[in-house]
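A.B. asks: When you get a sec, could you build the whole thing from the sequences and use the hints?
If you read the protein sequences in the order shown, they are chains A and B. For the first sequence, numbering that gives the first Met the number 0 gives the first residue as 0, with consecutive numbering after it. For the second sequence, numbering that gives the first Met the number 0 gives the first residue as 0, with consecutive numbering after it.
The set of hints was computed from the structure by calculation and includes no laboratory data. Even for Gly, the Cβ is constructed at its ideal location relative to N, Cα and C. Please note: incorrect hints may appear among the correct ones.
Non-contacting residues of chain B with respect to chain A, defined by C-beta distances greater than 10 Å in every case (computed) [what the hints assert, rightly or not]:
(1) LYS7
(2) SER40
(3) LEU50
(4) ASP63
(5) GLU84
(6) SER101
The calculated lysine-lysine pairs, modelled on PhoX-like cross-linking and capped at a C-alpha distance of 25 Å, are [to be verified]:
(7) A:LYS36 / B:LYS26
(8) A:LYS112 / B:LYS26
(9) A:LYS26 / A:LYS66
(10) B:LYS73 / B:LYS26
(11) B:LYS7 / B:LYS26
(12) A:LYS36 / A:LYS111
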Amino acid sequence: MHYTFDIERGNFADAGQASSSVKRALKHLGVDPVSIKRTVVALFEAEINAIAHAYGGRIDVDIDDGKIVMVVADQGPGIPNIDLAMQEGWSTASPQVREMGYGAGMGLPNIKKNTDELKIETEVGVGTTVTMTVYLA
Amino acid sequence: MKISEIAKLIDGELVGAPADDTYEVRKAFASDLMSDVLRFSMEETVLITGLCNNQTMRTSEMSDLRVVVIGRDKQPDEEMLELAEELDITLIKSRYSIFKISGILYGAGIEPLY
Numbered sequence: 000m001h002y003t004f005d006i007e008r009g010n011f012a013d014a015g016q017a018s019s020s021v022k023r024a025l026k027h028l029g030v031d032p033v034s035i036k037r038t039v040v041a042l043f044e045a046e047i048n049a050i051a052h053a054y055g056g057r058i059d060v061d062i063d064d065g066k067i068v069m070v071v072a073d074q075g076p077g078i079p080n081i082d083l084a085m086q087e088g089w090s091t092a093s094p095q096v097r098e099m100g101y102g103a104g105m106g107l108p109n110i111k112k113n114t115d116e117l118k119i120e121t122e123v124g125v126g127t128t129v130t131m132t133v134y135l136a
Numbered sequence: 000m001k002i003s004e005i006a007k008l009i010d011g012e013l014v015g016a017p018a019d020d021t022y023e024v025r026k027a028f029a030s031d032l033m034s035d036v037l038r039f040s041m042e043e044t045v046l047i048t049g050l051c052n053n054q055t056m057r058t059s060e061m062s063d064l065r066v067v068v069i070g071r072d073k074q075p076d077e078e079m080l081e082l083a084e085e086l087d088i089t090l091i092k093s094r095y096s097i098f099k100i101s102g103i104l105y106g107a108g109i110e111p112l113y
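C.D. replies: Quick look at the structure:
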């Protein structure tokens, strides 16, 4: 099963809609609650990251019997130093993002915690593609 | 503790989705930082927050929260209330500060998340 969603820069009003749709689909498919939780938390964090930092992008989610693969690809500033970005508490989020309750520098570490595989491809000035995989029990 | 009992203790008003009084709340987590809420398992937990916007609802949805206390007399707007109903999340509005709400619930036997 394949789902696609667009990401619009700074559109916090709609933030979470993609993750919400995926959550409903996984529930409908009878996926176990722990895998659903891990999947939607990782996707939600990635969605928020892209809305907060990028100029636009796309989310692709593939669900099959054994795994869920989520690809969040954005056009944006890229991540100059991935090691720093993976550190808990390190953030470049704007005050606006922080007012929304995000931007605490927990996003990427939390994505790593909730996925079985995480791949981050990034180019400064071009964009970032985050590929997250959750294996189903 | 039942949702209605929590509301009574903190002089709160129930809004959003109707309270499910078969739901037992055992733990609480207080945070305005949604990034932190997403880090933990929120089973049988009430979130106490002063952050009153749609992102509070979306984060609660992803965290499987069923009940959220909105403190500091913050007023959810129509859109937030509609989202709460759609996501089956009960909100308890309270004019008390987060510290006071936390103290009352802790004193009444609600456990900290950690």
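A.B. asks: If a hint holds in the structure, say so; if it doesn't, say that too.
C.D. replies: Hint-by-hint comparison with the structure:
With a least beta-carbon separation of about 27 Å from chain A, LYS7 (chain B) lies farther than 10 Å from that chain, consistent with its non-interface assignment. Taking the minimum C-beta to C-beta distance to chain A, about 8 Å, the non-interface status of SER40 (chain B) is violated against the 10 Å cut. A cut-off of 10 Å between C-beta atoms contradicts the statement that LEU50 (chain B) is not in contact with chain A; the least separation is 5 Å. Distance to chain A contradicts ASP63 (chain B) as a non-interface residue, since its nearest Cβ pair spans about 6 Å, not more than 10 Å.
GLU84 (chain B), annotated as away from the interface, keeps every beta carbon of chain A farther than 10 Å; the closest lies near 14 Å. Once the 10 Å rule is applied to beta carbons, SER101 (chain B) is consistent with being away from chain A; the minimum gap is 18 Å. Proposed proximity of LYS36 (chain A) and LYS26 (chain B) is supported: the alpha carbons are some 19 Å apart, at most 25 Å. Simply put, LYS112 (chain A) and LYS26 (chain B) have alpha-carbon atoms about 23 Å apart, close enough for the 25 Å limit, and the pair holds.
Of the supplied pair hints, the one linking LYS26 (chain A) and LYS66 (chain A) holds, its CA atoms being roughly 15 Å apart against a limit of 25 Å. A C-alpha spacing of about 22 Å is found between LYS73 (chain B) and LYS26 (chain B), which places the hinted pair at or below 25 Å, so the restraint holds. In summary, the hint linking LYS7 (chain B) to LYS26 (chain B) is supported, as the alpha carbons are separated by about 17 Å, within the 25 Å threshold. Simply put, LYS36 (chain A) and LYS111 (chain A) have alpha-carbon atoms about 14 Å apart, close enough for the 25 Å limit, and the pair holds.
Of the hints listed earlier, those the structure fails to meet are numbers 2, 3, 4, in rising order.
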